[in-house]
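Go by the hints and put chains U, Z and Y with the ligands onto chain D.
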Amino acid sequence: MSTINTGDIADGTVIDGVHYHQFDIVIVGAGGAGMRAAIEAGPHAKTAVISKLYPTRSHTGAAQGGMAAALANVEDDNWEWHTYDTVKGGDYLVDQDAAEILAKEAIDAVIDLENMGLPFNRTEDGKIDQRRFGGHTREHGKAPVRRACYAADRTGHMILQTLYQNCVKLGINFFNEFYVLDLVMTEVDGVEEPSGVVAYELATGELHVFQSKAIIFATGGFGKIFKTTSNAHTLTGDGVGIIWRKGLPLEDMEFFQFHPTGLAGLGILLSEAARGEGAILRNAEGERFMERYTPTLKDLAPRDIVARSMATEIREGRGAGPDKDYLFLDITHLEPAVIDEKLPDITEFARTYLGVEPYTEPVPVLPTAHYAMGGIPTNVEAEVLRNNTDVVKGLYAAGECACVSVHGSNRLGTNSLLDINVFGKRAGKSAVEYVKTAEFVPLPKDPAGGVKRILDMVRSGDGTERIAVIRKELQDSMDRNAQIFRTDESLEEVTQLIQKLRARYKNIQLHDKGKRFNTDLLEAVELGFLLDLAEVLVYSARSRKESRGGHMREDYPNRDDENFLVHTMAYLTGDPESEEAGDHIRLDWKPVVITNYPPMERKY
Amino acid sequence: MSTAVADKKPAAAEEIPTFTATLIIRRFDPDVDEEPRWEDFDVELYATDRVLDALHKIKWEQDGSLTFRRSCAHGICGSDAMRINGRNRLACKTLIKDLDITKPIYVEAIKGLPLEKDLIVDMEPFFDSYKEINPFLMAGATKGGKERKQSPVERARFDDTTKCILCAACTSSCPVFWTDGQYFGPAAIVNAHRFIFDSRDEGSQVRLDILNDKEGVWRCRTTFNCTDACPRGIQVTQAIAEVKQAIIKGKP
Amino acid sequence: MSLIEAPRTPTRGRRTGGINWEKWGWIYMRASGVVLVVLIFGHLLVNMFLGEGVKAIDFAFVGGKLSDPFWQVWDGLMLWLALIHGANGMRTIVNDYATNPKVRTVLLAGIAVSTIILIALGTLVITTFDPCPAGADPALLASFCEAL
Amino acid sequence: MPEKSASNLVAEPQSPPKIRSPKRPAGTLYRGNEGMWSWVLHRITGVSIYFFLLVHILDTALVRVSPDAYNIVIDSYKTPLMGLAEIGLVAAIGFHAINGLRIILIDFWAFGAKHQRTLFWVVIGIWLVLLAGFIPRQLMHVFGG
Ligand SMILES: Cc1cc2nc3c(=O)[nH]c(=O)nc-3n(C[C@H](O)[C@H](O)[C@H](O)COP(=O)(O)OP(=O)(O)OC[C@H]3O[C@@H](n4cnc5c(N)ncnc54)[C@H](O)[C@@H]3O)c2cc1C
Ligand code: HEM
Ligand code: SF4
Ligand code: F3S
Ligand code: FES
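Taken in order, these protein sequences are the chains called D, U, Z and Y. At position 187 of the first sequence (counting the first as 1) the number is 187 in the UniProt record's numbering, and the numbers step up by one without a gap. At position 186 of the second sequence (counting the first as 1) the number is 186 in the UniProt record's numbering, and the numbers step up by one without a gap. At position 10 of the third sequence (counting the first as 1) the number is 10 in the UniProt record's numbering, and the numbers step up by one without a gap. At position 3 of the fourth sequence (counting the first as 1) the number is 3 in the UniProt record's numbering, and the numbers step up by one without a gap.
Please note that the accuracy of each hint is not assured.
Claimed, not checked - No farther apart than 20 Å at their CA atoms in a straight line, the calculated lysine to any residue pairs in the SDA-like style are these: (1) D:Lys603 <-> D:Glu291; (2) U:Lys57 <-> D:Gln475; (3) U:Lys249 <-> Z:Lys23; (4) D:Lys515 <-> U:Val32.
What the hints assert, rightly or not - The following label-pair restraints were derived from C-beta to C-beta distances: (5) D:Asp476 <-> U:Val32: 27 to 37 Å; (6) D:Asp476 <-> U:Asp31: 34 to 44 Å; (7) U:Gly203 <-> Z:Pro101: 16 to 26 Å; (8) D:Ala503 <-> U:Thr142: 58 to 68 Å.
Just so you know, these hints were derived from the structure itself, not from any lab. Nothing here was measured: the structure is a model prediction, and the numbers come from that model. Virtual Cβ for every residue (Gly too), placed ideally from N, Cα, C.
Chain D on its own, in the form it takes in the complex (with noise of 0.2 Å):
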């Protein structure tokens, strides 16, 4: 086997045009999981992250509401207790010795941000404050428990950029607005071994390869797949996608989660953090609907319940406005002093985005495609599946793109905050242990060919499809049919527009033919990952004929222990242009792992 020999391409090395560089870690993604990583990794290895934006651009920044952590700093509370809220909040698909990780670590999470300078809100006493959020609870579902540290509704920002700050302390090797577009793995001994990355360098169009001894995937969600979403423009899935055209597994991707309150129309977030604080779900008829759904948590029931009870509202006609199409959430009885306080960030978008002043008017919502619970799998160390039980050596996962399993089929407020940094920071110890004894994997040749096969299709394209319309016939189907609800019929539908959209795609026409900042040749590629994650989504989703979490099956609306209490593991197997998705795509089940809490009926 023809390989460019480890000690051959000292750093810098330029040859036909693509850069080398070697590091002992590479981080891919600079999001709050990716630094989280590299201020773990960056002290003890040679450290460098690559991220397509700038690092404090990172949709983390978005994030409002809190991160959770029994520190019972307010009121009585245990992370059993917590472990329990997120093994039922995920309707049991929660694989339970790292739900019980999660929520035992999340108390040293949140004291090594606030160590770093995050600066929470604070108790009277000085403690950092708590407040509430859905679904979690006390002594198993007796009430909410204030569990969720906050700074305002800016958690999100506080975390990026404290992330970034101690980033900067540890001076952490940035690669900004670096593309990564492809995984480079060598076979070694029958086996494939991952060497490094393959990089476009926004700024010149130049291609870098990064040859490392350990890779970090931490590139976020894919919510760009739906049309009404509160993830960012470039939340395109691609390190979940790189992953599944290696032909290694995906895990639940049928699981995304609906938001309930984001901006009608618009999609943009209003945190849960506004229901914690006491903000109420009201109908067109001012009734608070969720007193029927679930009597003991109400507006506080978990994301899924709540996104669907709304779902069902608008549906049996008791929507508002001209169409009865959104519904509203109220914060007038709150003083505008707390609102102030608490929910400053909010209030100020619905007044900028919809007009809406929501000290004295309620403000309509509907739910948004929020949160991918599915991604790439990994054990507990974060280091990725290659199947059921083995690991990619060198290779490992966290953040949004990952699915450890804690989430299940559906995630917890303010328990990915909690993800992002404990399975971060276990990443970069997974990583700086491997790398202690591990060697280069050696480049195969022309580790920059994929890439270059990509972006010479992409850039050749003068054909007569544009980007933007293909991706809008994608996001407008996926919302219609493969949203709250979904049957049989719709997700077929999506299966054949997205077959018909990548034979269109072959077919794009790119305006932008330059190499400097071309965001048109990106957004090119961003698409074709797209199209595969909506494809394996909804063929996950196809298979799965259950209603689970954030999963719902019109034809098949009950829960199904028997025969899905398993996770699903998709792979890519043919030529993904073949017509038919069973051509290309293989299920697979991986069992749920299960300590103390045998399943049960969710009510709450």
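Just chains U, Z and Y with the ligands now, with coordinates in the frame of chain D:
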């Protein structure tokens, strides 16, 4: 409560009307152009659209080579600071209805940082200044893995400046920064302020010394462009004034 | 890419330590400013507003004022404060806009030299001024010169 | 979608024909607010006063040379043109001084920074009053007997 609903007139379920707005964008392609040039685009928009939507429409429907940064689309990531009708703003926070659309909307890159392409400038000098002020908590270890205490009053002291999203709207609106780009700029000072006035921090003096520099706070001429430009509503000039006071007094 | 409105990329390291004039300059601008308001408006009031205004200014008028120790101190202070204030202000402006180091040095030196010369000259005039120079046309002098 | 915002806005912009401005500024002027313009004025007036001061010290120094020399120069100032220029000078000093006080208030007083915009208009107000007092009197002195 139900009154609020009754108030909502069942506005006719007809199509929401659109109108045509003209955007004049200052474009620059480093591969071709010697000088930036202005180019017009007519776009169909809703009044509730933002300038970012207009730019997207142009990019997606008319000219894919139009280049700008953006991500979150709701004023939280700081990617899309640009000069709209002569003022720095975030494109995603500027609603078309708030502009006078009987006139064309001028859009150009922020000023004072090297122009790279269309609306994209080189952000490195900006982040370099930021990094120079030690933008991280400097404090000794805590005992036994505990949180540091901080009262709500102490926390409130620096709340305003924690909101910064590093969008550079302020720094690139500052006439002093335009002159030679050596001035630290308001964003760096804002981020220094965030730590100088944090009761947990022990490195204030270091930062005050850094900002007591030739290119530090004293170059600020209180022109308030930064405060007016800040999309997060941070009282930037006020924060700079507080840092000046702290330097004079020798303590925060 | 030395393109549009590109500032110089920071080349020299930023200076720290040493006596820092910037802070004192800044304080001085404010302190002198407040005092100057009184001095300058007093000056303007007496010279241009009261009596017959500018019309009345001649050697006799100035002589009359400058022989009074009160006005001597007043004008002296004004001279020093205003010149240094103005010169420091000009220094700031030169620092802002003169990007060429040579040009900048020349301009700054020019400001410094002219300030020193003018302060010296002005001080000399105020302290050694003789309101009734011998041999001058008495009609041009202040009325009190006759008494001599 | 919230029909509220959309409908009442669109009514107006819809009708007027689009005014196509052919203007292509080479890079638009930054449209700062009061703060920026007050600084521009402060700078311009500062420089003008500085140059005036240089000349003024030199001419006053002539008192040391001889009464004749001084009076000749001063008399040449007493033309109507110079009288008007003096109005400009006083206006400049007036603005610079009052605005200088505004800057000092902003620097040392949180209220000042918060209300700088209002303070700017107060400065303009005081400045106008000052000029209203000075200009008629000066014109009287210059053009009157
Ligand atoms: C509006 C909103 C509010 C939320 N509120 C909460 C909350 O209150 N509590 C909570 O717990 N969770 C919340 N979440 C969820 C949580 O914020 C996210 O799941 C979490 O921040 C994801 O972090 P991450 O590090 O995995 O990814 P991100 O922060 O999205 O970072 C992804 C990173 O990967 C990089 N990247 C992507 N693709 C590439 C590529 N091809 N090459 C190189 N780099 C790449 C990006 O540049 C970016 O740096 C919220 C989410 C949203 C959208
Ligand atoms: C009458 C009372 C005066 C007051 C209250 C005053 C006040 C000030 C203040 C506070 C500044 C600092 C501005 C800043 O840092 O942004 C300043 C700057 C300046 N002043 Fe004065 N000043 C006065 C008179 C003068 C005089 C007489 C001169 C001319 C000799 C002068 C020339 C300048 C110049 C050139 C600047 C620099 C402007 C700049 O940097 O933008 N000032 N003044
Ligand atoms: S202070 Fe405001 S304008 Fe400046 S970078 Fe921060 S958020 Fe942007
Ligand atoms: S714009 Fe510049 S001059 Fe000072 S007040 Fe703001 S930093
Ligand atoms: S796109 Fe994020 S701030 Fe505008």
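Quick rundown of the hints versus the structure:
1. As the CA atoms of Lys603 (chain D) and Glu291 (chain D) are separated by approximately 13 Å, the hinted pair is consistent with the 20 Å bound.
2. Restraint check: the Cα-Cα separation between Lys57 (chain U) and Gln475 (chain D) comes to about 16 Å, which is no more than 20 Å; the hinted pair holds.
3. Taking the CA atoms of Lys249 (chain U) and Lys23 (chain Z), the gap is about 11 Å. The hint holds against a cut of 20 Å.
4. With a C-alpha separation of about 11 Å, the suggested pair Lys515 (chain D) and Val32 (chain U) falls inside the 20 Å cut-off, and the hint holds.
5. The given range of 27 to 37 Å is respected by Asp476 (chain D) and Val32 (chain U), whose C-beta atoms sit roughly 36 Å from each other.
6. At roughly 35 Å, the beta carbons of Asp476 (chain D) and Asp31 (chain U) sit within the given window of 34 to 44 Å.
7. Distance hint check for Gly203 (chain U) and Pro101 (chain Z): the Cβ-Cβ separation is about 33 Å, which falls outside the suggested range of 16 to 26 Å.
8. The hinted range of 58 to 68 Å is satisfied by Ala503 (chain D) and Thr142 (chain U), whose Cβ atoms lie roughly 59 Å apart.
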